[in-house]
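So you can see what is in the structure, the chains are spelled out below.
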Amino acid sequence: MKKWAKWIGISLLLIATSLSVLQIGSLIVQSYYQAEYIDNRLLYIFNMIIAVSLAISLLLLLSFKKMGNSILVVITIMIISVNGYLMYQSNQKIENITSISPDMKQVFSLKKNTDKNEAVYYRSYYRILARPKEALPSSIATAGEIKWLADDIAVFTYEDNQKHIQQFVGTYGDRNDGLSYSYVGAQIHGQWKGENTEVTASSEGIMVVHHDDQHLFEWEQVHQYGTLAIVLTENNEAVWTIGLGDDFNFDQNTIDPPTGEIILYPAKLVDNKVIRLQYQGEAPLL
Amino acid sequence: MQKVLIALSGMIVLTIILTIFYEQSREPVPLPYYNVEQNQQQEESNTPEEKEPLVPIKVNEEDTIGYSLQNDELQMTYDDGNTWTTVPVEKDLLFQGEYQGGETELIENSFILTENNAAFLYSEGGIKVICSQNQGETWEESIVDNGIPVIRFRKIEFMDDQFWYVILSNNRTMSQERSLIYISTNQGESWKSINMPNTTRLVADGGFVDEETGFMSYGTINPEAPDLFVTNNQGETWEQAVFNMPSQYDRVFVIARAPYKEEDHLALIMDQGPNGDYYQDGLIRAKFISTDNGHTWQFAEEVVPENEEMG
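Line by line, the protein sequences give chains V and R.
Here the first sequence is numbered in the working numbering, starting from 2 and rising by one per residue.
Here the second sequence is numbered in the working numbering, starting from 2 and rising by one per residue.
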């Protein structure tokens with residue numbers, strides 16, 4: 002036997018074994034801590050990886066006769082197809098909407114019950130496990146895309162049953178000490194400017210000027226998610242999301258103006274581009 | 002080496018199969034409790050189908066008969082709450098008139114709920130009775146009086162199939178009101194009101210012991226002595242009953258309840274009234290008996306209330 006074949010065989014065998022242990026371990030953890038895989042398909046994907054690695058390693062390490070090889074291949078194909086089919090079927094019942102953050106540290110996860118169109122937002126643990134956090138306020142008729150405004154802000158845009166565009170924001174961090182709740186609206190008080198766009202946050206509400214379109218959102222129309230993002234709504238429909246950029250900083254205890262940028266993100270199902278805004282100064286008195 | 006590898010492979014394949022079975026049989030993890038609650042509330046407002054289980058309010062402790070006012074409707078059960086029949090009357094109508102309470106229980110004496118009879122007194126324009134003699138399979142509505150608006154005291158009683166009566170009071174101003182008795186001898190088909198005693202004091206209780214002999218007891222606000230009227234001819238003439246009150250009970254026992262038949266005589270229980278403080282916090286009652294069909298009453302004994310804590 003060639004040396005490289007042996008090493009590959011052994012490492013694949015190790016991969017298969019450790020993945021199996023991981024799989025069993027995570028199932029125990031899941032039933033014990035009321036958790037699930039962050040994406041229901043992960044279980045089947047792991048199974049398929051295990052099957053393939055195991056088959057290749059056996060082929061490399063053991064010298065079966067021709068018959069033995071064929072049986073091994075057939076069994077492997079069977080395992081893969083069963084898992085593949087079940088994975089497809091499970092995603093028909095519970096559709097997974099998952100996205101990994103740009104820095105690979107967070108996972109935004111929604112599981113949508115396709116019968117009821119209801120979706121549940123999951124909070125991730127150890128990257129691969131998750132627990133249900135809350136149900137989305139409205140059902141998902143058409144899912145749009147998930148956009149990470151920062152490494153810890155994921156915005157999911159979708160259309161609900163009433164054909165209204167909605168935005169749901171998952172946040173995974175903060176811009177302060179993380180000890181206290183803070184209001185995004187208060188932190189971005191002032192005037193912000195970006196490409197063809199101006200945002201003014203004042204006591205009246207949040208004024209968004211985009212190209213020639215000018216609109217004031219009163220504070221009742223502003224819904225905050227975590228301490229990082231707000232969604233501006235109009236008639237039960239999301240219009241904009243404003244998130245605090247990765248470098249945003251504002252200290253409530255000083256009179257220093259905020260630094261860094263805020264990110265304006267329109268509520269549209271397609272062709273959705275973020276607009277970055279920089280601080281210009283205090284809000285003019287209206 | 003080969004055997005170890007094959008055994009290991011077998012175990013791994015087994016793991017794969019096990020995980021598939023686990024995943025297929027697994028229920029999705031439920032939402033955290035407070036979220037579930039919120040969602041349920043939302044669902045309830047959308048679909049009023051999911052309701053709390055009904056808890057019967059027993060008419061009689063040992064009985065299996067009871068009713069419920071949950072979910073804003075009157076329902077009754079004859080088997081301890083396993084099956085329920087809805088009484089076709091709006092819940093609010095059962096509490097029309099002078100009534101102070103949470104509408105969690107029916108007004109005392111305003112209904113009959115027995116093996117053979119179910120009857121509920123309610124106001125809808127006038128005073129009506131809805132009754133069923135087959136445990137709620139069919140209901141009959143009967144109009145007691147069309148012209149009585151706001152009632153205070155109400156009592157319905159079926160003596161037998163041939164003698165039903167309803168006692169009402171209305172038109173109260175301060176401590177004066179009108180009292181009324183209606184009698185039906187044809188199972189609610191028609192009701193006739195009968196002549197009443199000549200008094201406008203507030204009704205405390207009333208009732209019949211047989212078709213001819215009836216009583217009305219008056220005085221609920223600061224009474225000083227019992228005020229009981231008796232008729233032996235279905236109301237044609239009324240006479241004030243006389244109580245031989247032992248002197249130590251004078252001004253103590255002041256409100257007579259409706260008399261009842263006992264052995265060969267009549268008996269009644271007398272309360273101390275709202276300000277009663279004769280020992281045991283006014284809970285002690287007196288029993289009187291009458292051997293002349295309710296005209297004169299002799300003190301019999303003090304009655305210690307059942308099921309109530311001693312002071």
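The hints are simulated quantities; they were obtained by calculation from the structure and are not laboratory data.
In this text, all values refer to a predicted model and were calculated from it rather than measured experimentally.
A few of these clues could be false.
Mimicking DSSO-like on lysine-lysine, the simulated pairs with C-alpha atoms at most 27 Å apart in a straight line are [said to hold, decoys possible]:
(1) V:Lys7 with V:Lys164
(2) V:Lys117 with V:Lys194
(3) V:Lys134 with V:Lys94
(4) V:Lys106 with V:Lys148
(5) V:Lys106 with V:Lys3
(6) V:Lys66 with V:Lys94
(7) V:Lys67 with R:Lys4
(8) V:Lys94 with V:Lys4
(9) V:Lys66 with V:Lys117
(10) V:Lys66 with R:Lys288
(11) R:Lys59 with V:Lys4
(12) V:Lys148 with V:Lys274
(13) V:Lys7 with R:Lys59
(14) V:Lys148 with V:Lys3
(15) V:Lys3 with R:Lys129
Derived CB-CB ranges, DEER-like [to be verified]:
(16) R:Leu9 with V:Gln253: 57 to 63 Å
(17) V:Asp152 with R:Gly11: 42 to 48 Å
(18) V:Lys106 with R:Met2: 58 to 64 Å
(19) R:Phe22 with V:Asn197: 53 to 59 Å
(20) R:Met2 with V:Asp152: 31 to 37 Å
(21) V:Met68 with R:Met2: 54 to 60 Å
(22) V:Gln93 with R:Met2: 53 to 59 Å
(23) V:Thr255 with R:Phe22: 55 to 61 Å
(24) V:Asn114 with R:Phe22: 18 to 24 Å
Idealized CB from N, CA, C, for every residue including glycine.
Quiz item: What hint numbers does the structure not satisfy?
Solution: 1, 2, 5, 6, 8, 9, 10, 11, 13, 14, 15, 18, 20, 21, 22
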